[in-house]
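Chemist: Following the hints, position chain B against chain A.
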Amino acid sequence: MKDALVELQHITKAFGENVVLDDLSLAIEENEFVTLLGPSGCGKSTTIRIVGGFEKPDQGRVLFEGKDITDVPPNRRNLNTVFQKYALFPHLTVGQNVAYGLVISGKTDQYIRDKVRYGLKLVNLAGFEDRRIESLSGGQQQRVAMARAIVNEPKLLLLDEPLGALDLKLREEMEYELRNLKEELGITFLYVTHDQEEALTMSDKVVVLNGGYIQQMGTPEEIYNEPENAFVASFIGDSNIVPGKMVRDRLVEIYGVPFPCVDEGFGENRPVDVVIRPEDLILREPGAGKLDGTVISNIFIGVHYEMQVAAGGFEWLVQNTVSHPVGEHVSLDVIPENIQIMKRPASEDEEALALDV
Amino acid sequence: MKRQAFALPFILCLIASTVIPMMMVAYYGFTDRSGSFTMANILSVFQPVHLKALGLALGLSLISTVVCLLLAFPLALILRDSHLGRRGFIVFIFILPMWMNFMLRTMAWQVILERDGIVDSLLNFIHLPHAQIINTPAAIVLGMVYDFLPFMVLPIYNSLMKIDDSLIEAARDLGASSRKVISSVLLPLSVPGIASGITMVFIPSLTTFVISNILGGGKIYLIGNIIEQEFTTSANWNLGSGISLVMMLFILGSMAVLQRLDKSGEAELL
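If you read the sequences in order, they're chains A and B. Those letters in the first sequence? Residues 1 to 357, by the working numbering. Those letters in the second sequence? Residues 1 to 270, by the working numbering.
Same shape as in the complex, but just chain A (with noise of 0.2 angstroms):
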């Protein structure tokens, strides 16, 4: 079996009393586009730090290519790093920038001249060397930042939070443009976020962290659809989280009602997590549907209508594109396949163990 370009094993890291990543393991693969996907304080920033070289792990190792850097010095390490707040030399020029790592390296003149350009036409700066750093716009400086890695061909391209500090408009463009670049490059990229959709819409691979675990790691389309637990599916999109019981295989009971499902092999009258996504949620004539209730909450938000229905003693959320007015009588139904079962952690101990097998 090959190698995998990365390969972090059981890495613990503390500060102080705070355990930031504790025994995580995760193997990147060559010309992946890998995303660590989770809240601020997961340990996301910390791995890619890790790798990076600009912390040591506590405990584990860092194999690149098979080989341990985990004692490496980020200066001698194949990889460049995006920095979340660019982190441009503001007394070097646009073009001094990017050519920064070319010049340590020793590398000629022209070759230096020659990769400048090509690096800015590939972020679509061209003729933008002389310009000053304090010139460019958020958008600018970030284009330089990926130029200034990507010009030294590193092997491995570490970003963080790259897009966080952009506008919503200019995020979504850059969000293809990095996916163009990732193709055109065929370098490997490993990328930090808390935003779920900049996750789903680039990754190869989602890694969902949170609490120095890895909760999940799977396509972004496993990611949503089979979230493996309430963190998940809370965290990747909306969703609604009930209580349950596994009355068999292929039956559950949500609030004494009994919904025929897909899942199976979690036992008999078990409690389970329920996941229904609010899109999978229908609205039916009162009486059609399984569980009835009232509308509650209608908003609309742009391709839909968000609606609250409290029934059976929960408030679900639902978004459809038909409107239906507060108070409106509706029952709700959701087709089989649409229900997502969990397992239920009896208490955080519990899912801590169940994580680290």
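It is worth saying that the hints were derived from the structure and are not from the lab. By construction, the Cβ of each residue, glycine as well, lies at the ideal position given by its N, Cα and C atoms. Do not take every clue at face value.
When the alpha-carbon atoms are kept at most 25 angstroms apart in a straight line, the in silico DMTMM-like pairs for lysine to aspartate or glutamate are as follows [stated by the list, open to error]:
# : chain 1 : residue 1 : chain 2 : residue 2
1 : A       : Lys205    : A       : Glu177
2 : A       : Lys169    : A       : Asp195
3 : B       : Lys180    : B       : Asp164
4 : A       : Lys85     : B       : Glu114
5 : B       : Lys180    : A       : Glu134
6 : A       : Lys56     : B       : Glu169
7 : B       : Lys180    : A       : Glu129
8 : B       : Lys180    : A       : Asp71
9 : B       : Lys180    : A       : Asp114
Facing chain A, a subset of chain B residues (Cβ under 7 angstroms, in silico) [as the list claims (entries may be wrong)]:
#  : residue
10 : Ser166
11 : Leu167
12 : Glu169
13 : Asp173
Modeler: Showing chain B alone in chain A's frame:
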């Protein structure tokens, strides 16, 4: 209008203690004892004795500025890298002598450096020959460095502290060794602090007469000593003012040059 009224006492103070004395210096500088206009006081700076004192003052303050810079930059780097709690302590230790009287600090060196003083005795103890340090230009440079070093360290430290850690990490990430990080990132970005530091060491060194009096044994004349003597012993205010005006040109000139480098105004932080 009302707000400006509050500034009035300060403006009066400023006029009384700066503007009027300056005008008086200018008046004395351009007149002779009888009160008629003359350029003689200004031109007296070209007398060999005065030229020598001016040259020596420029030379010694240049040397002490360079020595201060060489000591202060690494020290400021160490301060930047040390942990928060320890950093506060080191800065405190460093500023502590600044709270003591300037004359006392200089006189302490006299005791340390004099014949059969602490340094001499130590050298004697390890069977090394007597070292004549007191009453030499070297002693004056030592005094200048000791007295003015904090004024070099603090502005450099301030500008180093303003440099974001991520810039250093970016440089490391792009392949820079620790030494390269210093020469290509930390040094160029601390130029404003260095410029302020130079201003605040060079100018007081250039005009000092206390340090040269105490550590030079009254035998080494810097331009400051000449001016002082004209005002005191010789009671020739006209000549003293004339030379002072020439010194003012030097000071304004060097400040103009350094101000260009110090756009962010590190000096104001002291």
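Chemist: Between Lys180 (chain B) and Glu129 (chain A), does the CA-CA distance stay at or below 25 angstroms?
Modeler: Judged against 25 angstroms, a Cα distance of about 23 angstroms means the pair holds.
Chemist: For the pair supplied as a hint, Lys180 (chain B) and Asp164 (chain B), is the alpha-carbon distance within the 25 angstroms limit?
Modeler: This hinted pair holds, its Cα atoms lying about 17 angstroms apart.
Chemist: Hint check: Lys180 (chain B) vs Asp71 (chain A), CA-CA at most 25 angstroms. Holds or violated?
Modeler: Holds. Lys180 (chain B) to Asp71 (chain A) sits at ~20 angstroms (cutoff 25 angstroms).
Chemist: Can the hint on Leu167 (chain B) be confirmed by a CB-to-CB distance to chain A that is less than 7 angstroms?
Modeler: Where the cut-off is 7 angstroms and the nearest Cβ of chain A is about 5 angstroms from Leu167 (chain B), the hint holds.
Chemist: Can you confirm whether the C-alpha distance between Lys56 (chain A) and Glu169 (chain B) stays at or below 25 angstroms?
Modeler: 14 angstroms, holds
Chemist: Checking one constraint from the list: CA of Lys169 (chain A) to CA of Asp195 (chain A), max 25 angstroms. Satisfied?
Modeler: 14 angstroms, holds
Chemist: Against chain A, is Glu169 (chain B) within 7 angstroms by beta-carbon distance?
Modeler: At 6 angstroms from the nearest chain A Cβ, Glu169 (chain B) passes the 7 angstroms test, so the hint holds.
Chemist: Given the hinted pair Lys180 (chain B) and Asp114 (chain A), is their Cα-Cα distance within 25 angstroms?
Modeler: 24 angstroms, holds
Chemist: Would the hint linking Lys180 (chain B) and Glu134 (chain A) be met if the CA-CA limit is 25 angstroms?
Modeler: 23 angstroms, holds
Chemist: Would the hint on Asp173 (chain B) be counted as holding, given a Cβ-Cβ threshold of 7 angstroms to chain A?
Modeler: Check passed: Cβ of Asp173 (chain B) comes within 5 angstroms of chain A, closer than 7 angstroms.
Chemist: Would you mind confirming whether the straight-line C-alpha gap from Lys205 (chain A) to Glu177 (chain A) stays at or under 25 angstroms?
Modeler: 18 angstroms, holds
Chemist: How about Ser166 (chain B): closest beta carbon in chain A under 7 angstroms, or not?
Modeler: 4 angstroms, holds
Hint 4 from the list above is the single one not met by this structure.
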